[in-house]
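One line per chain: the protein sequences are C and S, in this order. Letter by letter, the first sequence follows residues 6 to 418 of the working numbering. Letter by letter, the second sequence follows residues 6 to 418 of the working numbering.
Worth flagging that the hints you see were computed from the coordinates, not collected in a lab. Please read these numbers as outputs of a predicted model, since none were measured by experiment. The reader is advised that the hints may include incorrect statements.
[To be verified] With a straight-line Cα cutoff of 20 angstroms, these simulated EDC-like cross-link-like pairs (lysine to aspartate or glutamate) come out: (1) K15(C) - E294(S); (2) K226(S) - E240(S); (3) K281(S) - E25(C); (4) K414(C) - D317(C); (5) K15(S) - E25(C); (6) K39(S) - E25(C).
[What the hints assert, rightly or not] Example chain C residues on the side facing chain S (calculated, C-beta under 10 angstroms, incomplete): (7) H32; (8) A50; (9) G161; (10) P165; (11) R244; (12) K295; (13) M354; (14) I379; (15) E381; (16) R387; (17) Y401.
Where is the CB? At the ideal position from N, CA and C, for every residue including glycine.
Residue strings, one per chain:
Number of protein chains: 2
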Amino acid sequence: MPKSTQKIRKIYMDYAASIEANPSSIHSFGADAKRKLENARKVVADALSARPEEIVFTSGGTESNNLAIQGVVYPYLTSPYSRGRKKEGVIPHIITTNIEHPSVLETFKLLEKWKLARISLVPVEENGIVNPKKIRKEIKESTVLVSVMYANNEIGTIQPVREIAKEIRHWKKNRKKQNFHQVLGSPGPRAPARPFENFLFPVFHTDAVQAVNYLDLNVQKLGVDLLSLSGSKIEGAGRVGVLYKKKSVPLANIFGGGNQEFGFRPGTENLPEILKFAKALQIVQKIKEKETKRLAVLRDYFFAKLSRTVLDIRANGDLKNRLPNNVNITVPNIPSDLLVIELSARGVMASAKSACQSGDRKVSHVIKAINKNIKETDGSLRFSFGRKTTKADIDYTVRSLSQILTKLKKWYD
Amino acid sequence: MPKSTQKIRKIYMDYAASIEANPSSIHSFGADAKRKLENARKVVADALSARPEEIVFTSGGTESNNLAIQGVVYPYLTSPYSRGRKKEGVIPHIITTNIEHPSVLETFKLLEKWKLARISLVPVEENGIVNPKKIRKEIKESTVLVSVMYANNEIGTIQPVREIAKEIRHWKKNRKKQNFHQVLGSPGPRAPARPFENFLFPVFHTDAVQAVNYLDLNVQKLGVDLLSLSGSKIEGAGRVGVLYKKKSVPLANIFGGGNQEFGFRPGTENLPEILKFAKALQIVQKIKEKETKRLAVLRDYFFAKLSRTVLDIRANGDLKNRLPNNVNITVPNIPSDLLVIELSARGVMASAKSACQSGDRKVSHVIKAINKNIKETDGSLRFSFGRKTTKADIDYTVRSLSQILTKLKKWYD
């Protein structure tokens, strides 16, 4: 073979860094990987109207939410805070609602249990939507974080994120003259000094994991400082998460390790999945409007047909301010786990939460939050749609549910 | 179509749980996913001679190490401990070496900075191997964790994990009659009550991320309580991590969220990657012995040829007790980043750590640990092999390095 056509020999001698090319390596394989990673970051940033350096890739939605919450609270563990901690009033205070995803709610409870934060859980109204004024009422001098989900995972209700952001802005405006650190103490050397000094708390975080396919993700319009996404809820996306982090927001890494992801998320980047995520998010953005309209029609059709066909059911959560792909009902007296299994036998995959603890299944804190008088025997049944869902699927599902209930009523009445 | 040949219709109405089937769902898609997950868990358990319920899947090696370390320390944040914490002596004490991977070393430093633990870093000897007696000397009444890596990621030295386990066992034996909680206080309600009462500290953790392809992973023989693995270092494995957790060891989850992975790791399981991991680990176990022998021959050949061809180099780390796929050298006076770039231009992908901080590149704490007199201008160059590496690759690499050095010497001498 003439020398000019010879391809340059490629010998990979960096298996200890990673089996595949590692974006942190400086050889040409590493540089290629780095380029791809940064392109993906830009695609995600564009989708959120953010800057690339404001996008942190994580392992998933649970980690994004934990990083957002723990990462805001942890700087206060360093020494100046520790000194202050002996006084009761200066433990950081954080606020959320009573219908958040467990990755937010349980993280709040962990921090409370570990005595690292005081928490306030603002109850939602009976329609599953929180009143922004009630959030504002909870904010105090020591509040470092407000976390309210964009859309609920069980009942699909959409929270008034912009209005909450506005309430927080107003609160900050009135407080501007006060030096935050006089109240809470300096966060210490761990946090970047300048942003901390200038940033006015509380930070506003939203868990947008369920919202990604249907709602506007423009972080400027939403007025949020932190926003979580997960690939597991996007068709074709990889199993990674994203945390949008406004540049000025002080955040600590919660893992010790390397300097990846601007130091906020150590560990070799999951490049193949990140690339899939970016591509899938681009597609979501393109079809969002059309798909939202299509599914909202199906959802309303589902609810209407259900209430005509199946007499004794209760719809959970606001019927208008909800995700277009979410239907959630309670069938009184019939265990919802049983309904899921019966539906599954007919080929319909749905999801249940029971009102009482049975086996592995957890009580639904969401259903309890919107219906204080719910009976122990009542559960909830969730149908959630995607791109492949058709009107025929819904007809079949309602028919199946109707047959199942006719059969079961004999036993449970 | 006659009814008997009709396939049952399948309608997925659980998109909000996950785009793909979620092992936590109770419908038949979920049950399938759950079965696959548990099969994978058993395969991994078998490879380690552990029980399936002792295998926790995480997002990667960095998370496994963080979970092992933070998860042992955190229960002491609960109230009974907090009361005790006012006395100086009872903050948990944790021990590691000075050449650990950043995901261990930086996590230790974070916990120290946050005042959640006191730390001891035991220095390794000049050959890059720690003396087990020196570990034992550091253990005291308040020591809750010893973490020593199985094999080093930079210089490939293998640590005497079994001997360290033996020293810890001896220490425990002498202490058996003493009630641990008289010293450190009860860990509180967060930890499982019984194991905590019976478990004798310290817990012994090893980071086996670099060892997985070549060394014995039998946790019984090793005598470890916690062991970390990462898919990113195994050919064909998915991007997930594993933490082996001996059943009796008390560990807290460090993420708030759902009940996945026995509560130790909330968040939807990354099933596709977990399945790849299990399969790849099975293959590793099968070819380990043969591949280890093959690569050890290549490694020794590489070192011998290097020292014949390139005069002025220094090998880093013990030449015998090291991974068969690791060659690490220092070329005095020549920046190692430059060597990586020159090698890369010739098609050879290697890795560098500089002795001085330059741009994004970190100082190698490992090279500094084994050579206190190293000059600021000296770095280190790592070649790490894998299944595709051949003798011809090594010949080409040594030839290339020799050419590069001949060229560069003019400038740097």
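Each hint tested on the structure:
no., hint, result
1, K15(C) - E294(S), "violated, 27 angstroms"
2, K226(S) - E240(S), "violated, 25 angstroms"
3, K281(S) - E25(C), "holds, 15 angstroms"
4, K414(C) - D317(C), "holds, 11 angstroms"
5, K15(S) - E25(C), "violated, 37 angstroms"
6, K39(S) - E25(C), "violated, 29 angstroms"
7, H32, "holds, 4 angstroms"
8, A50, "violated, 21 angstroms"
9, G161, "holds, 8 angstroms"
10, P165, "violated, 21 angstroms"
11, R244, "holds, 4 angstroms"
12, K295, "violated, 17 angstroms"
13, M354, "holds, 4 angstroms"
14, I379, "violated, 20 angstroms"
15, E381, "violated, 19 angstroms"
16, R387, "holds, 7 angstroms"
17, Y401, "holds, 6 angstroms"
Against the hints set out earlier in the document, violations occur for numbers 1, 2, 5, 6, 8, 10, 12, 14 and 15.
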